[in-house]
Each structure stands twice: as C-alpha cells, then as structure tokens.
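The residues making up each chain are set out below.
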Amino acid sequence: MAVHEITKQFSLKEALKTFGLPRIIIVLFLITLWVVSMSLEIPFPQLLSDTLVRWGMNGVLVLAMVPSIMAGTGLYFGLPVGIICGLIGGLLAIELNLVGFTAFFAAILFSIPLAMIAGWGYGWMMNRLKGSEMTVATYIGFSIVSLMCIFWAMAPFKSPEMAWPIGRGLRVTISLASRYDKILNDFLSFRIFGIYIPTGLLIFFLGMCLLVKFFFTTKVGIALKASGENPRFSQASGVHVDSMRIIGNIFSTVLGAIGILVYSQSFGFLQLYTAPLFMGFLAAASILIGGASIKKASILHVLLGTFLFQGLLVVSLPVANKVATLGSLAEISRIIVSNGVILYALAQKSGD
Amino acid sequence: MQSSEYVLQMDGIGKEYHGNRVLSGVDLHLKPGEIHGIVGENGAGKSTLMNILFGMSVIQSTGGHEGVVKIDGKPSSIHSPVDAMNLGIGMVHQEFMLIPGFSITENIKLNREQTKPNLVSRVFGKDMRTLDRVAMGKDARQALDTLDMNIDQWVTIAGLPVGHMQFIEIAREIDKTNLKVLVFDEPTAVLTESEAVNLLKAMKDIAKRGIAILFITHRLQEIIDVCDRITVLRDGKMVAVKEQKETSIHQLAELMIGNKVGEVMRSKKKDVCTEPVILSIKNLKVAMSGEEVKNVSLEVHRGEIIGIGGLAGQGKLGIANGIMGLHPASGEVIYEGESFKLNDTIHALERGMAFVSEDRRSVGLLLDSSIEQNIAFTAMQRQEKYLRTIAFLKQANKKEIRSLAQQMIKDLDIRCTGPTQMTRRLSGGNQQKVCIARALCLNPKLLFVSEPTRGIDVGAKKLVLQTLVRLSEDLGMTIVMTSSELAELISVCDRIAIVTEGKIAGILKPTDSQVEFGLMMAGAKDGST
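Going line by line, the protein sequences match chains A and B.
Numbered according to my numbering, the first sequence spans residues 230 to 581.
Numbered according to my numbering, the second sequence spans residues 2 to 530.
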C-alpha cells in the first residue's frame, strides 16, 4: 500500500552525465582561458564585469528560445522577427521624443502588440510546416531582415537623431546616448572588489525569467508544454495543439522584442538593417550550451548557457589579441563555438 | 550428398526475448510439394517462427534462437534474409515489396537481372553490364503464365489492382530457380473473395511443381481448403500437427484458442440487457490505419463491462479511438439519449467519457513529465480542476495535485519513488496505472480501456483488471474494454463483441464455448449466433 521508495545512490558518474559532456568541455575551456588571461595580466575583475553585463543584456534574447522549444516548434530561429518588432518600438519612442525609463518602457509597450501580431503569423506558418520548422524559420529570419532593410530605408521617421542628414531613411546605427543608454545597467549599480554589478539589468533579466517560469505553471503553460512534449497526448486530452504552438511563438516573439530593447540600452545603440541577421544563431547556441535540446529547455539552461557563452566571448577577445595579433581571431572563435554547438545539438535530435 | 524426405526441418525451435519466452520446442517438417498451414492467435509465435526461418535481424540481435534448421537434411545456419534466399526459401509479403514506378518484369527480376557484357563492363566490372531485357521478359512471362496471369509483362506496377500485385510478388518468388520453400504470410487479407480463390488455386499449382508451401492465415476455411497438413501454435508452443483429412474447422478453432478460462474475477456477472442503453452506435466507420472500422453497430448498457475482442488488424481498436475523436469517424452515435458529436475530443470528454489508449507510450503518457502532472493533466485542462485563480490567470494548484497523486498512487498501488518521478522510468504496468488514474480524475460515466494489459507482467495484469472490476462494481462505471487477449475478456466482461474485418461478427457471453469464440474470430460464417 505504501509508496515504495527506491533509494537512489548518488554517483559522480551519473551527475556528470546529466551535466553533459559538451558543458564539461566548455566549463573547462572557460576556466583555462581565465587562468591564461590572469597569467597574461589581463585585469580579471574587468573580465567578470563585462561577462555580467553581457549576461544580462543577452539573457532575454536567449530566454525567447524557451517558449518556442517547449511548444514543440524547435529553436526559435525566427528571433529576427521579434527583434525587428522591438526595434520599431524603440524607434517610435525616439520619434515621440521620450527619454529615460519612460522611453524604455514605452518602447516595450509599443513593440508588444506588433510582436503579438508578427508572432501569430509566424506561429501560423510553423503549423503549416510541421516537421521542418527550424529550417524554414531560419529562412523566414533571413527574409524578414532583408525585407525590413527596404523598410528602414523608406521609413517616414522625422527625428534628426535617426534619419540620415541628407535624403530619406534611417541610419544604420542610432545612438541612444540622449535617450535610455544603459538605463537598466546603471540602475542601483555598484562596484564590489572592482567588479561592476549592473543591478537593474540583472533584476530585469531575472524578473523576465520568473515571468516565464510562472507562465509554465498556468493552465495554458502546462497545456503548451504538454503539446510540445507529446502532441498526440495533448490532443487526446482535448487540447488544441496548433493553438498552443501559436501561443508559444507569440510569447517567443514578444520576448525577442523585449530582449533587443534590453540589449540596445546596454549597447547604447539601436542597430538596424542586417544587424539582427545572426542574433538568432547566437541565442540558440547559448541555450544549447546551457544544456537545452531542441525539444526541452528550462530557465536554468538559459541562465547557465548565456553565462558560459558570453563569458567565453568576453575572455577570448583579449586573450586572442595577446597570444596572436590576428585581428579577427576572437570573431573566428566565436563563430566556431556557436555554430559547433548548434551542429552538436541538431545531431543529438534523434538520440533522445 | 545426403538426401532427405523433408525439404525443410525445424527441430526444437525456441526463442526468448529479454527473458520473455515467446517460442519453445516447435518442430516443423515440410515435404516437397506439400502445403502446410500454420494457425494461431496473435502472439502465438507465428511471426517469430518465420523471423527465425528468414534469419531476420531481430532474432540475431537478441541472441539467436534454440534448435536446428535443416534444409534438405543438412543443418543450415541462416543469419540473414540473403542466406535464406540462397538456400531457396522465399516469401510472399503481407505488405507488397514492389517498386511502383518499375515494370512487372523489372520488379520480378530486381537484383537478379540477366545481363550481357559490354565495352564498359569489361573495364569497370560486372556492375556495368547491360540488361538483357529480352531474356528477362521471357522469364517473367513464363512465371506469369504459371499463375494464369494474362497481363503484359512490361506494364508498370503503379495503378495495378491489389490482387495483381499479390500475384506479381508470387511470380517473383517462383521465378527464382532454386526455390524450395515458399512462405505465404496472410496473403488473402487484402484480397477480394474471387482473388482469394484464384490465389488458393495458384498455390496448389505451385505445390504441384514440387515446391513446399507454408501458409499462414487467420482464415480457417482457407486452411482446410488447401492444406495437406496443419500445425497449430498457441502461446509459443506447438499444440498439434494434423492431417487435413483428420480435422475440422471446429477442432482447429478449439486447438487455437485452447482452454482459456482465465481466473474468474467477478462473482456474478450482471444480466445487463435489462439495463438502459447508455451508448448506441450505428454504422460507425473509422479511418484508423491498420485498424479500420468498416461498419459497426453496437449498444452498450449502463453499468456493464463490455469486451471488444478479435484478432489484430480487424478494427477492434478503431471503435474507441473513433468515438473519442482521435481518428476521423462517421456514423450515428447516441449517448445518454442525446445525439453525440463525432470527431470532437473535447465534446467526448465533456459528455463524461474517458479513454485509456492502447498506445501507452505515444498517446497515453507524457513520458518526460512527472506522475502527478500526467494524472492531473486532462482534468485540469478540461474540467478546470486542480487550478487556482491568481488575478485572472489560472495556475496549477500544486498542493491539490500533489495530494491527488498521492491518493492515486495509494489507491492503484503505483510503484514509484514518489509523485514527481518521470513516467518514463516506470515499468509498463505502473505506467498503465498512471493512464488509468488520469482517466479516473475525470469521474467518467463511460470509460474506454484499450489493451489494458499489453506489455505488462502477469502480476500487474491482475491488478489492472481488478481495478476495472472495482470501478464497475463500486462506482457503477460503464466500461468498454478492448483487448486482444480473449482470456482476460472472458474473466472480466459481461458480454464480449467479436470484431472481424471491421464489423461486429457477433456478441458472445463469457460462458460460451471456446469453439464459438475461435470460429467467430477466424471469420467462419457458421460461427455467428
């Protein structure tokens, strides 16, 4: 009658197995680079500060992967769709001449309805392309970026901060210096042992994580998760699987829009034209490094993966510059790591 | 060279899959020119026996088999289908293995093409030779003529009627010059009556040429019509070998089913027909591949346990799946006196039906979610149970779900490490209990249970069946139980409907004789009452 407890013996081997070989390698690689950087007298607190900032600024973009993966539509390679909605929100806030927190939150508010509409359309398309979501998503991302290049060049924005001084259209990068540059980063920020802690940024990032976590405890969230895990099961329980997939993609798109605004305020610029092109791949690589697969992802994967990925990028640039004076070495290593990880994850597809 | 009376001798054949015995001590002896029938229920071991004969990789990769296979008196080791082919064993497949875009001749000669040398082949070897189409066509013609088929040998396969495809498969086999034994695995299942008659005639012709035929079918009438001798398998054992003259359909049916009085689980069965009808099905058709329901009419009475039995592939599983809206269905269904919408799972669940699927792993469970999530899911989504409202959001109520899961674990005796264990890690029987628990959360008035004991061990089987009986007796739940295991239907159900070829062949009482069940399942006309 009683529940039969089967005591599980803790074993190191088992623990390492759940952590995963790729993560072990990457953690070791990161630690090695840290040690090397110290021996090269690169200031370590500076590296850690940069890592924390980049962790927070990229985090929400990586978080955008989660709803899509959970809903069963795979990695959200359509991230540029969300990014573009966020950028439009950001531009509108500048056009209305808003500054500070008002500008930042107004940008988010403007972008959310856009992202919801775009996300619905994107989800609708995913439902018609079951089985090849990720391939098609990649090309949707590429196409939308190119399409928007035309839009940026024709957009009727008047603000002199954004438009080219001569002719029409928007600049390639738009400075946020007089708007909401580092508004989250500097909120309640402080230094400890020479490490800069971007408190506001981290609070915002973790807040978004909690929001997503909360969503997955709601009725809809649970149905969405079940639809991704086993569509036939959900269907047998009377859940509209296709609607759930659309909701997942809307959620991902909204997070993508918010994510780019967080990224931009930290970066100090809104980047238009082809800048969003590869952001989807970087975010995908981050969550995969964190231990997610194309079928399963959690907040922990986001936190861990973004930290490892960004930590690697931050440290590899100065180290590479000191070791070899090849200008593009850091960029090369970043491409190798990110694409290598994506390739690894896709190869695991059939393995689970 | 040693000669032998038998062309094929299989002695003492046995097989275990991961400690699960499926075949033991089977002897099969085949004379040249003999038609030998093999009959048995699903799971009696027929396919395993054939897999051994053909050296299929499922056998090899699970540690081989026991016993000896002798061809022409010589012990032979068959490790792959290619070995079997070289030894002169051929097979006519149930699913046609033909390439639709190729002509009949090309299909017959596939991979055995006659070739002529040419300039290129002299340099690059045999693979570059030209096909000798004339010789190939001649051979194909000859094979087709043997089967009385006056169809052009250069027509492409695509678009030919099913019956023709079957014959082309046969032509391909008899075209092999060394053919000694030809296996027919359920060849008539997809054929019309007249095509089946032709096929049986062709089999006799082939046998006259000295080729031994192994004939596997559920249709006892066909067995009696063409076979010289018949081997009956039951539960992996050889029950009897009979000469055709000495036996009858009745006897075969009885041998096949055996004395299947399972453990009686219920003291008294109800006389259900006096109870009101809760579910009335008329002319139900369900498009479920492999389990198509062609035309089923059935009445289910309140409070009964009605069993749906029959052999695999006859359509018994399609009935529950169709009513629950999981596969496209049409027909007229009346539930509790009101009309019932088909093809609408939500409607079915809201009207108080619940379903435990036969496909536990791909429909019944979220394998990577916890036991408690699995149990509460449907009730949460469809009946708004186990939720609490925060602002305007409905959130899962962890506490309620946890206590529900603990209650179910206790009630159904689910062996686990706790309510948060992933269902993937549970044994088949405990997974099944989780599926049942999920259905019970809905407080259904009508419960469909399909193959409740498939793939679970004996002890767990009994517990699952006892649970069903308890639901019926304590809660008055109406249960429609679909199962391939006749014994368990007999031990639990009030009435048993037998489905053959997508239709209800008849409804029997658990007390009816084994022969009657056997005849009805085998589709013998005189079996219906």
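The set of hints was computed from the structure by calculation and includes no laboratory data.
C-beta atoms are modelled at their ideal positions from N, C-alpha and C, and glycine is treated no differently.
Careful, some of the hints might be misleading.
Have a look at the derived ranges for each label pair, beta carbon to beta carbon [what the hints assert, rightly or not]:
no.	chain 1	residue 1	chain 2	residue 2	range
1	B	P101	A	S361	23 to 33 Å
2	A	V328	B	R352	50 to 60 Å
3	A	E243	B	T63	37 to 47 Å
4	B	D412	A	I565	51 to 61 Å
5	B	L132	A	G569	26 to 36 Å
6	A	E243	B	D236	53 to 63 Å
Hint check:
1. Between P101 of chain B and S361 of chain A the Cβ separation comes to about 25 Å, which falls inside the hinted range of 23 to 33 Å.
2. A hinted range of 50 to 60 Å holds for the C-beta pair V328 of chain A and R352 of chain B, which are about 59 Å apart.
3. Distance hint check for E243 of chain A and T63 of chain B: the Cβ-Cβ separation is about 27 Å, which falls outside the suggested range of 37 to 47 Å.
4. Distance hint for D412 of chain B and I565 of chain A: a CB-CB separation of about 56 Å, consistent with the stated range 51 to 61 Å.
5. In this structure the hint that L132 of chain B and G569 of chain A lie 26 to 36 Å apart at CB is violated, the actual value being about 47 Å.
6. Between E243 of chain A and D236 of chain B, the C-beta spacing of about 40 Å breaks the proposed range 53 to 63 Å.
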